[in-house]
Amino acid sequence: MRSQNRVAIALVVIAGVLMLVPMLWVLALSLKSNAALMVDTNSVFDGVFTLENYAAILGDGQVFRWIGNSLIVSLGMTAGVLALSSLAGYGFARLEFPGRNILFVIVLLGLAVPEQAVIIARHQLFSWAGWHNTYPALIIPGLAAPFGVFLMTQYFRAIPKELDEAAMLDSASRFTVFWKVLLPLTIPAQATLGIFTFLSAWNDYWWPLISATNKQMFTLTVGIASTQMNFAQTEGLGFLMAQAVFAGAPILIVYLFFQKYIVQAVAGAAGR
Amino acid sequence: MATALPQQVAPVATHPPRGRRAAGWANALFVLPYLAMFVAMIVVPLAMGMWLSTTKGDLFGVEAHVGLANFTRLFGDPIFLETVGNTFYFVVLTVPALTLIGLGLALVLNTPARWATVLRTIFFASTVLSVTVVTLVWRLVFLPDGGLLAVISEALGKTPIAFLNDPELAMPAIAITTIWWCIGLPMVLFLAALQQVPRELYEAAALDNAGRWTTLRRITLPAISRTFVLVVIIEIILQFQLFGQPQLMTLGGPNNATRPIVLFIYETGWRQWELGYAAAAAQVLFAMILVAAMAQYVVASRKGAQ
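Protein chains in written order, with the working numbering: chain A, 20 to 291; chain B, 693 to 998.
Next comes chain B alone, as it looks inside the complex (with noise of 0.2 Å):
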């Protein structure tokens, strides 16, 4: 998966066939399409978006320009820090879960035997839903009244717990229901790197009479560290973007206990139509995630120094 670096493609100069060059506008005509849908679609909307966050409007249109006091106001909005802080509660619950969880599936399940094959095609199964469904169906496990765990419950003679209600419980659930969603991935980044690992290390190994845990402590695991590091960065950056998930299982609640930042943003947005202050939550959330995309960018150019 990793072979795909940016600095391996970095453009190198080629020489085109004499004569040619006059051809060069022409040339230019193959990117043209894609590059006006990247201009109005990512590089317009990026710098409006800059712009934006610098004024103060609302549906019908920019009233003044505030300079940064959307900033300066967002960093004293205790309901703004609130969704900072649930956003870095659920990255906490959700990536350490999700790249143990996915390394130890991955070591278990790095065999061609049947078994193994039909057990990655069920992990990696809930990836390809929706949001919509999966919090449909994980509403159903929660629910308090008729739930599957509170059909569990009952049956063990216990009062059902209402765990999307609970603000001490509702966002450990969101971080359940997210890992059942998006374990697939972990895994099989796991399983790519497995594959890579030279066999000789492990026949070597063998010849030694190590154990399987030597084994796995000496070779296996210094051989994936980076990928390691990579789906850490990886599913800090998913994670970080959680969205459907609370918006549809507890509209942020309760009292505000699963609300993460991209929520507010859209409910800013799109509910009180602040677009100025919602600009300015989204440039918060861009410098957070460049940080860890420029990490993974790191990390990922080191690919040839080991």
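Next up, chain A with everything else stripped away, as it sits in the complex (with noise of 0.2 Å):
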């Protein structure tokens, strides 16, 4: 029996170190000069190593340009997400209005629509109203996905009414019940809210892809797409192999530190 176990768990163990061999692989070749690169690969094992790639990202600046945009794109998403499903969340788990039902359920459909579904005619929308290449583009669509709604939604039914009934007597308005009492308890929701929606943001592609066509406008993920499809001829293998590992790095920390919650928050994102 224990035998059977140490087996599974050599495999597993093996296994793991495969998860990590591509990373080191494109680690090593970022640490290889463009010229050593292009005689033979192999060089990465003579023990000679260069910072030189990351010196040219460094002086190039285009790529800072991107991780810009991004920053600015997630963070600008993760604050409309995190507020407007606050908002809704609230409203449709505690607040009475006609038609709200039928509402929530509406929207609870809207989980089922892929964004192929709607991207065509969506970027027909942006095309007329004259917005491609502009934040705000790159921000809106991400402002209607309905799971934000649906956790807040869920997240305040299990809030007990008494807190609010309570506060309802001291004469307090809505709003306040809301502002004051009600989204202090919501933090653990909107934490994990919150990084998935970063998250979501900060890698998408297909949408970026299409709306930012303007190089100046693109972002992280769609600059590296750029940079990536001249591949074949390119010369700076090794540059190339740093930029990777500059747009891998910043998220795999920031991965180490908030694991937990990433880890929650994508599985309930898939679950829901």
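If you are wondering where the hints come from, they were derived from the structure by calculation, not from laboratory data.
Some hints here could point you the wrong way.
[Stated by the list, open to error] Quick list of the computed label-pair ranges, beta carbon to beta carbon:
#, chain 1, residue 1, chain 2, residue 2, range
1, B, Ile771, A, Asn233, 38 to 44 Å
2, B, Leu841, A, Ala74, 25 to 31 Å
3, A, Ile178, B, Leu760, 46 to 52 Å
4, B, Pro725, A, Ile178, 19 to 25 Å
5, B, Ala902, A, Thr195, 57 to 63 Å
[Unchecked claim] Below, a sample of chain A positions facing chain B; criterion: calculated Cβ distance under 10 Å:
#, residue
6, Leu30
7, Met38
8, Leu48
9, Leu114
10, Pro117
11, Gly118
12, Val126
13, Pro133
14, Gly149
15, Gly167
16, Thr246
17, Gln247
18, Ile281
Here a beta-carbon is modelled for each residue, glycine too, at the ideal position from N, C-alpha and C.
Reconstruct the complex from the two isolated chains, following the hints.
Written as structure tokens, this is what we have:
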């Protein structure tokens, strides 16, 4: 019995190493000069490393522009989703208004609509409005995702009603109850939703690819894709790899710190 | 994770404090900002996409209404049919592997020990990367001229294989890339389910001197069977939407071997600017995903029934 167990553990450890090998390979290539890689990538094993590719990134500036764009878009979308979802979640969970139940069901049905079913018409709408290559164009579509409303409504429903009723007796307004009494209690849900939204926005590919066609408005994801396109002809393999490390490392570091929340958020969004 | 079930949150009539009925419309102001976004970004584009799928037009506007002609054209278009086949092939390559490897990892790593924590961190790490970083990494693995696999096969005295240029091997290579990228999600979904299995069941099994294999087969697997089905459905929905990996790694080639439905929609829409035709293909994909989503809902709803 125990030996069976050990075999299983050994297999998983090997798999874990295999998970890391591609990342380490790219890291090693990024530390080689482009000239050395042109000759032979086997030179990785000769022990001569350089930081020139990273220096080239720092001198380039373009990657920083893309990182800046990604930050603006991801933070903007996160703030927007948290605000809209909290308001709507409170409204659906606690307040009475005409058509509430049917509206909530319609929003839930929106969970089943994949991006592919709306993206062509969405692109048309933004073309007509002349909004492509702007930050709002990159942020606004993300604000409509029903997952946040679903999550926040659930969360508000789980808070005991006595809390708001007591506040109501003190003749606090609806908004005061929401803002002062209930919202602070939803911070765990805000963290989950916020991290999930930030990560999705940061990694989003299709919409920024078709909306941001101007190099200055690329997000990091699209920017890295654009440098990848002329991959075969590139003489700067090391530079390309350094860019991959540069794009991947920050999000991996964030992941190491907030692992628990990120795992929770991703699993929660998938299993909704 | 699956505590969040739609029918559990089905609206229940509440009793508002008397005298507040008049505030009904004012209450709607809380949901209004979101609903405006929902209508503008989901409802309108969805309806418009359905309408577009019955038109012929380009970048400059709709030229003509063609009824269902786009759909009859789709089902006679060998390239579209090939992309449907490719998509199914990709799902077959990835979904069983993701589900079974995810389950295996979860069974082994479902312990608070330090080594298991480290390994869980490693297996989920790739999930947080963007598709462009993932494909960049794996192109440098598959590259026939100096890629990691080429270096290894040369060291073993073999000729390097150009995986991404081989019609037979390109899709499996993309599938391996995808499994590496996506393995974290099924693993954590199974881990969450394993945490829910009542401890008393294992204690009872231990009292009966049940072996590990018996315990696994008789207790663990039946207890997480619902999660198993859900993981399969979730992964089918996710992997059906394959796009970035072939778009960045192979451009759908060689010879269309790795072109999935979504890449067909993208190229028809934004390369050939046949928006009506692309919208029709998008409706077909939507219908397929909807079937899977409904299956997910049905399975998720049966939670209390067992």
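Q) For which of the previously enumerated hints does the structure constitute a violation, in increasing order of number? A) Violated hints: 1 and 14; rest satisfied.
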